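There are 2 protein chains.
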Amino acid sequence: MFQINDNFTKIAGNYLFAEVARRVSAFQDRNPQRRVIKMGIGDVTEPLPEASIKAFHEGVDDMGRRESFMGYGPYEGYAFLREAIAKNDFQSRGADIGADEIFLSDGAKCDTGSIQELFGANVRIAVPDPVYPVYVDSNVMAGHSGLWKDGRYEGFVYLDSTPENGYVPAPPAEAVDVIYLCFPNNPTGAVATREQLKTWVDYARANKALILFDAAYEAFVRDPAIPRSIYEIEGARECALEFRSFSKTAGFTGVRVAFTVIPRDLKVPDSTGKMHSLHSLWMRRQATRYNGLSYPVQKASAAIYSPEGKAQVKTLLDFYLENARLVREAILSVGVPCVGGENSPYLWVRPGGDSWAFFDRLLNEAGVVCTPGSGFGRCGEGHVRFSAFNSRQNVQDAIALIKQALTKG
Amino acid sequence: MFQINDNFTKIAGNYLFAEVARRVSAFQDRNPQRRVIKMGIGDVTEPLPEASIKAFHEGVDDMGRRESFMGYGPYEGYAFLREAIAKNDFQSRGADIGADEIFLSDGAKCDTGSIQELFGANVRIAVPDPVYPVYVDSNVMAGHSGLWKDGRYEGFVYLDSTPENGYVPAPPAEAVDVIYLCFPNNPTGAVATREQLKTWVDYARANKALILFDAAYEAFVRDPAIPRSIYEIEGARECALEFRSFSKTAGFTGVRVAFTVIPRDLKVPDSTGKMHSLHSLWMRRQATRYNGLSYPVQKASAAIYSPEGKAQVKTLLDFYLENARLVREAILSVGVPCVGGENSPYLWVRPGGDSWAFFDRLLNEAGVVCTPGSGFGRCGEGHVRFSAFNSRQNVQDAIALIKQALTKG
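Chains F and G are the protein sequences, given in the same order. The opening residue of the first sequence carries number 0 in numbering that gives the first Met the number 0; numbering runs sequentially from there. The opening residue of the second sequence carries number 0 in numbering that gives the first Met the number 0; numbering runs sequentially from there.
Fair warning: there could be bad hints in the mix.
The list cannot tell twin chains apart, which means a pair is met if one copy fits it or any two copies do.
[To be verified] Below are the DSSO-like pairs computed for lysine-lysine, each with C-alpha atoms no more than 27 angstroms apart in a straight line:
no., residue 1, residue 2
1, K9, K266
2, K148, K273
3, K207, K9
4, K273, K9
For the record, the hints were derived by calculation from the structure and aren't laboratory data. Since this is a predicted model, take the numbers as computed values, not measurements.
Let the hints inform the model, and build the full structure from the sequences given.
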């Protein structure tokens with residue numbers, strides 16, 4: 000008799016953004032005339048850079064002619080794109096990453112969710128709280144946790160990110176084997192300094208732990224003192240992977256492009272102590288379970304590294320950062336605590352109280368969608384996340400409504 | 000200390016097609032002047048249907064304008080594509096499948112590799128031999144097998160596909176919990192009759208087993224008596240999933256589109272006997288680990304269901320089927336046993352002897368690439384697979400070389 004993977008029954012509730020979408024949809028069904036401004040999910044609103052549109056069309060045309068037609072591509076992606084990434088995103092910032100250490104994929108969500116397939120059964124996993132739910136749920140589904148209890152899964156080490164530590168946790172006293180870090184952070188928008196990241200790299204090296212560094216929002220960093228890659232930190236090549244995404248960098252949420260960096264010198268043991276290259280293991284995983292990224296999509300991606308593409312991406316990011324600044328200013332003006340919104344498209348706001356209750360009130364009274372902080376973990380209670388991905392008009396209209404709700408709360 | 004998933008160390012050798020690519024690349028390095036004709040991997044060579052190119056461009060243009068821009072799409076894909084699939088691929092053939100039972104993805108390889116995440120730890124898995132390696136390797140990596148021994152993994156039930164049973168195995172005497180079936184078969188090209196599939200559905204219902212039906216090559220079926228979907232068989236909705244791909248149907252190997260069908264009434268137990276909807280479990284998996292398929296790619300996909308798209312796809316498939324017929328005729332003309340090549344783009348040829356040795360000889364002497372049968376499993380020894388995905392000129396040139404090699408062998 001077929002039986003399911005029981006670990007799926009451990010998962011607490013819906014996937015957060017699916018639940019947000021469900022409540023918004025129910026609200027719209029009840030109130031078909033009401034305007035809804037979505038400041039919840041971090042989904043981009045502005046068109047793709049013109050350079051990407053042009054290259055995308057060229058890639059499509061290539062597929063329409065026998066002589067330029069492309070079939071299966073390399074599992075890790077085409078060299079033309081990996082080389083542009085290595086040069087522009089890493090080497091130009093002094094991070095020693097080669098094109099052959101980059102694995103392209105159709106989403107950082109896919110990669111951050113799949114990387115746990117490489118974990119041994121008994122690794123001790125540390126996750127931030129609040130946390131991007133994928134890190135947690137993917138591990139729970141794979142049996143890397145205990146049961147859900149009092150708002151947390153047994154077996155994980157939670158790294159509390161609180162007002163007291165500026166939402167940047169320090170390494171725990173105990174030894175852990177895997178550490179998920181995300182900076183600029185989703186959901187809090189907090190950034191980590193060079194010194195803070197150095198502490199984590201030193202900890203990982205001392206404990207032979209693996210850092211999974213999610214840098215999906217690095218393009219929003221404007222402070223030159225803040226590292227944009229973990230590989231700007233000495234020693235990271237021997238203990239860290241990095242996840243990147245084109246989703247927010249270039250407005251690619253509906254196009255689907257991301258990549259994972261695995262240094263070639265990163266060696267990890269099996270349970271007998273024999274050492275393996277993590278790069279080779281991931282290549283084997285990708286060769287078995289993935290068939291590469293759509294060719295025209297890779298063409299569109301490479302165009303963001305052209306001179307025009309770079310300028311267009313900067314304009315796009317400036318636009319969202321100005322949205323973030325406006326929301327931040329409005330929230331601080333009514334005296335409600337808030338981090339993020341600088342070097343990040345997210346704002347982590349602390350109205351206090353039950354965060355789903357605030358979500359429901361803001362939706363029902365103002366027609367504004369946020370993301371309830373408790374959906375990201377126990378430390379998210381009392382907080383909500385606002386996203387700066389929106390039109391300027393929507394942001395301006397939402398600001399007035401948000402200020403009103405925060406003042407009433 | 001971080002440790003890897005030891006199951007990765009159980010995997011025997013390279014992924015088959017990576018190994019084929021490695022040998023071909025080494026040959027080309029040694030012989031830069033020699034022409035190589037690739038009849039190995041099943042990769043399409045002809046341009047996308049014009050209707051898809053046109054719709055692809057329209058989808059790209061949508062992404063360049065704020066008013067038509069698309070961000071994150073539904074995890075399961077846009078309704079416009081799922082509805083076209085349900086109507087044209089299923090309902091039109093009397094298979095009762097709704098649009099809400101279709102999950103789009105970027106590859107049947109991804110889906111057939113990921114579906115095992117839903118399996119309980121102790122399910123007994125049956126795989127065909129020869130087999131598409133993904134079914135086996137994905138389960139081995141996830142710990143659903145024992146060790147590699149004498150060319151097979153302990154713990155799996157192998158369904159021998161041999162000249163004696165016409166390469167269509169009957170259900171085993173023992174009870175198994177999961178059954179991977181693929182028709183038209185990869186690698187053999189064999190097709191299953193309605194009666195043969197009915198035997199499997201009856202077996203699955205009697206044993207409460209789950210059938211994973213890979214129909215990636217169904218578009219090549221021209222015999223109206225041969226089912227193209229498992230859902231043409233009564234009772235399949237309660238025991239079977241189906242995997243489909245646009246890769247071979249419409250030449251999308253470099254575009255990346257596939258889908259999985261999970262009927263809403265398919266209920267499966269956890270280890271306590273509590274029943275769950277497999278559809279809901281997969282939706283939860285996809286919401287957590289996947290972020291939907293590229294929007295312009297979905298637009299390109301839907302175009303194959305337009306009247307022009309259908310005609311263009313038929314022309315494309317006719318072209319490859321004529322290639323297959325030519326190769327088949329040539330092989331049979333020299334008296335070497337061969338199946339497939341009718342209702343399938345693959346030919347399963349039995350020169351006898353060591354199949355990697357035949358592969359190497361054909362490559363080195365003739366510059367023609369096939370796929371060694373033993374790479375697909377123990378029953379593949381003595382066989383090689385030829386693919387009909389090529390230009391007519393290449394096929395015609397290869398035929399002479401293949402006949403020569405088979406005659407000498």
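Unsatisfied constraints (hint numbers, rising):
Of the numbered hints, all hold.
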